[in-house]
Amino acid sequence: MAAISRDDVAHLARLSRIEMSDAELDHMASELGVILGAVARVQEVATDDIPPTSHAIPLHNVFREDVVKPSLTPEESLSGAPATDGPRFKVPQILGEAE
Amino acid sequence: MSMNYDAAVAAYEPTLGLEVHVELNTKSKMFCSCSTEFGAEPNTQTCPVCLGLPGSLPVVNGKAIESSILIGLALNCSIAPFSRFARKNYFYPDMPKNFQTSQYDEPICVDGYLDVEIETDEGPKKFRVEIERVHMEEDTGKSLHVGGSTGRIHGAEYSLLDYNRAGIPLVEIVTRIVPGTGKYAPQVARAYVTELRDILRSLGVSDVKMEQGSLRCDANVSIAPIGSGKLGTRSETKNVNSLRSVERAVSGEIERQANRLESGERIIQETRHFLEESGQTRPGRSKETAEDYRYFPEPDLVPVTPDADWIEELRKRIPEKPSIRRKRLQEEWNVPAKEMESMVNAELLDVVEETVKLGSDATRARSWWLGEVSRLANEKEVAPTSLITAAQVAEVIALIAGGELTDKLARQVVEGVINGEGTPREVIDKRGLKVVSDDSALMVAIEAAIAAQPDTAERIRGGNIPAAGALIGAVMKATGGQADAAKVRELLLKHLGQG
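Top to bottom, those sequences are chains A and B.
Under the UniProt record's numbering, the residue at position 69 of the first sequence is numbered 69, and the numbers go up by one with no gaps.
Under the UniProt record's numbering, the residue at position 358 of the second sequence is numbered 358, and the numbers go up by one with no gaps.
Hints in this document: simulated from the structure, not taken from any laboratory.
Ideal Cβ positions, reconstructed from N, Cα and C, are used throughout, including at glycine.
One should not assume that every hint holds.
Under the rule of at most 27 Å between Cα atoms (straight-line distance), these lysine-lysine pairs were calculated in the BS3-like manner [unchecked claim]: (1) K90(A) x K316(B); (2) K69(A) x K238(B); (3) K183(B) x K88(B); (4) K97(B) x K69(A); (5) K90(A) x K408(B).
Over the 12 Å line for every Cβ pair with chain A, so calculated as not near, a few chain B residues [claimed, not checked]: (6) L24; (7) P58; (8) L144; (9) L160; (10) R294; (11) D307; (12) K494.
Negatives, chain A to chain B, calculated, CB over 10 Å [to be verified]: (13) A3; (14) D7; (15) M20; (16) D22; (17) L25; (18) D26; (19) E31; (20) A40; (21) V45; (22) I50; (23) I57; (24) L59; (25) E65; (26) V67; (27) V68; (28) T73.
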């Protein structure tokens with residue numbers, strides 16, 4: 001059965017740039033464990049002759065013509081941004097000095 | 001103590017691996033219909049899909065799939081009958097989605113090769129560079145780091161993002177390690193990227209402009225003591241933006257690693273950045289956490305399953321390999337290697353070939369395209385081929401060969417065509433640029449020249465043939481350059497009893 005350790009959660013939190021307290025890490029480890037357990041039940045019915053599924057609908061080769069259509073205006077594009085500077089999105093410094 | 005390159009490769013065996021990213025030249029992006037035009041104002045080519053807004057649904061650009069298959073076929077790859085996109089997850093704001101749509105364990109093309117030839121001490125030698133995979137992905141946005149040391153991530157206070165480039169189709173071509181290059185590793189790397197660039201250009205799938213970033217190379221280099229049979233720890237050098245830099249980056253890394261090992265230090269597996277000015281590399285950001293990309297199949301995009309008919313149809317479109325074509329044309333045209341190179345570098349080989357096919361002499365075709373036409377194109381800052389067609393240049397060359405135009409008049413004709421005055425014929429008629437070959441008209445000018453310079457005429461009569469130059473010049477001037485100088489000379493000398 002799938003299990004997720006407290007360390008796994010801490011690692012994922014770090015990759016996701018989410019700050020979590022010790023209590024939250026404990027809590028999430030057990031919650032995610034339950035979710036993974038539920039998903040893992042699928043493995044009980046999976047057999048060798050069924051390839052891993054990524055799509056529920058058996059569609060292939062859905063392509064678009066290479067044709068340009070109008071984009072959003074910069075104002076529209078930037079309208080949901082927490083911060084902007086002129087025509088650009090503004091984000092906090094990317095990597096801490098430690099990295 | 002410091003080990004130079006020769007000493008480094010005398011003691012260590014280098015191993016090479018190359019990753020090339022190429023931006024496809026589709027009109028629209030990989031998964032949405034935003035334009036891919038270079039140089040637009042920031043964030044004017046973005047939409048809910050490439051901004052990763054909730055509820056948006058990507059759809060694959062069919063042309064990009066076609067281009068990827070063409071690349072695979074040209075590199076002797078197998079085309080996967082089933083291939084999927086995957087999410088490469090990372091938290092870095094150059095992709096607003098927090099992942100890059102890429103391919104992971106199911107790339108579209110696998111197991112190819114590209115043979116390259118380099119000059120060695122023992123003459124030309126062929127190396128086979130095996131291609132591990134060709135996969136599709138999307139380019140990232142452009143970051144501008146503000147504050148701290150200029151443009152660098154470290155010390156930046158904040159970053160500004162332009163997502164116009166985010167989502168432009170990108171194909172990554174990954175080689176297996178290239179063993180046995182020895183001291184020639186830098187030349188093999190350069191030859192491979194050069195050959196690959198030429199192939200991509202001949203396929204017409206990319207602009208392949210390294211200086212604009214539409215072709216980018218990462219060089220993986222490791223070294224191990226000669227005869228050890230081991231592989232050393234590799235570094236990956238990014239930011240290699242010209243063919244010359246590919247060569248310099250590889251030799252620079254071999255030297256740096258050898259010096260580290262000589263002084264008892266270990267090589268760290270890391271990403272390094274090539275510095276154009278010094279030819280050195282500096283460490284990039286640490287990858288210890290970045291490696292954990294948590295790839296998984298992209299649920300918003302359905303699998304790509306090219307059928308055999310489609311692949312065979314595309315295979316028919318693969319042109320002759322550029323290196324083979326160059327050798328063939330060089331032989332057919334009987335031109336020196338330097339001339340071939342100049343045409344290739346100016347991206348004029350195709351149009352020169354077309355001009356030759358229309359009956360022109362190769363050397364003349366080359367000199368018109370690389371000379372006058374290129375000069376005018378430079379002035380206007382456009383491509384030579386956008387100014388005049390091969391048929392028009394071929395016509396001008398034929399008119400010169402037929403004696404109807406002198407080189408000087410032909411330049412005026414070309415200029416007229418470029419200025420939109422019509423076909424070469426029309427320009428000749430409108431501007432009245434016919435060569436004056438009518439003997440009586442020329443004789444009038446010759447007699448006038450003699451009358452103006454009687455002393456010179458006397459010297460020629462006395463046998464001083466070189467003095468004729470002054471009179472010929474006067475006639476040419478009087479006829480506005482429209483006379484055939486050889487004809488003038490002939491008539492003049494005859495008239496003065498020297499013919």
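A quick look at each hint next to the structure:
{"no.": "1", "hint": "K90(A) x K316(B)", "verdict": "violated, 48 Å"}
{"no.": "2", "hint": "K69(A) x K238(B)", "verdict": "violated, 34 Å"}
{"no.": "3", "hint": "K183(B) x K88(B)", "verdict": "violated, 36 Å"}
{"no.": "4", "hint": "K97(B) x K69(A)", "verdict": "holds, 21 Å"}
{"no.": "5", "hint": "K90(A) x K408(B)", "verdict": "violated, 58 Å"}
{"no.": "6", "hint": "L24", "verdict": "violated, 10 Å"}
{"no.": "7", "hint": "P58", "verdict": "violated, 9 Å"}
{"no.": "8", "hint": "L144", "verdict": "violated, 7 Å"}
{"no.": "9", "hint": "L160", "verdict": "violated, 4 Å"}
{"no.": "10", "hint": "R294", "verdict": "violated, 8 Å"}
{"no.": "11", "hint": "D307", "verdict": "violated, 9 Å"}
{"no.": "12", "hint": "K494", "verdict": "holds, 67 Å"}
{"no.": "13", "hint": "A3", "verdict": "holds, 18 Å"}
{"no.": "14", "hint": "D7", "verdict": "holds, 13 Å"}
{"no.": "15", "hint": "M20", "verdict": "holds, 15 Å"}
{"no.": "16", "hint": "D22", "verdict": "holds, 21 Å"}
{"no.": "17", "hint": "L25", "verdict": "holds, 17 Å"}
{"no.": "18", "hint": "D26", "verdict": "holds, 22 Å"}
{"no.": "19", "hint": "E31", "verdict": "holds, 19 Å"}
{"no.": "20", "hint": "A40", "verdict": "holds, 16 Å"}
{"no.": "21", "hint": "V45", "verdict": "holds, 19 Å"}
{"no.": "22", "hint": "I50", "verdict": "holds, 15 Å"}
{"no.": "23", "hint": "I57", "verdict": "violated, 8 Å"}
{"no.": "24", "hint": "L59", "verdict": "violated, 4 Å"}
{"no.": "25", "hint": "E65", "verdict": "violated, 7 Å"}
{"no.": "26", "hint": "V67", "verdict": "violated, 6 Å"}
{"no.": "27", "hint": "V68", "verdict": "violated, 5 Å"}
{"no.": "28", "hint": "T73", "verdict": "violated, 8 Å"}
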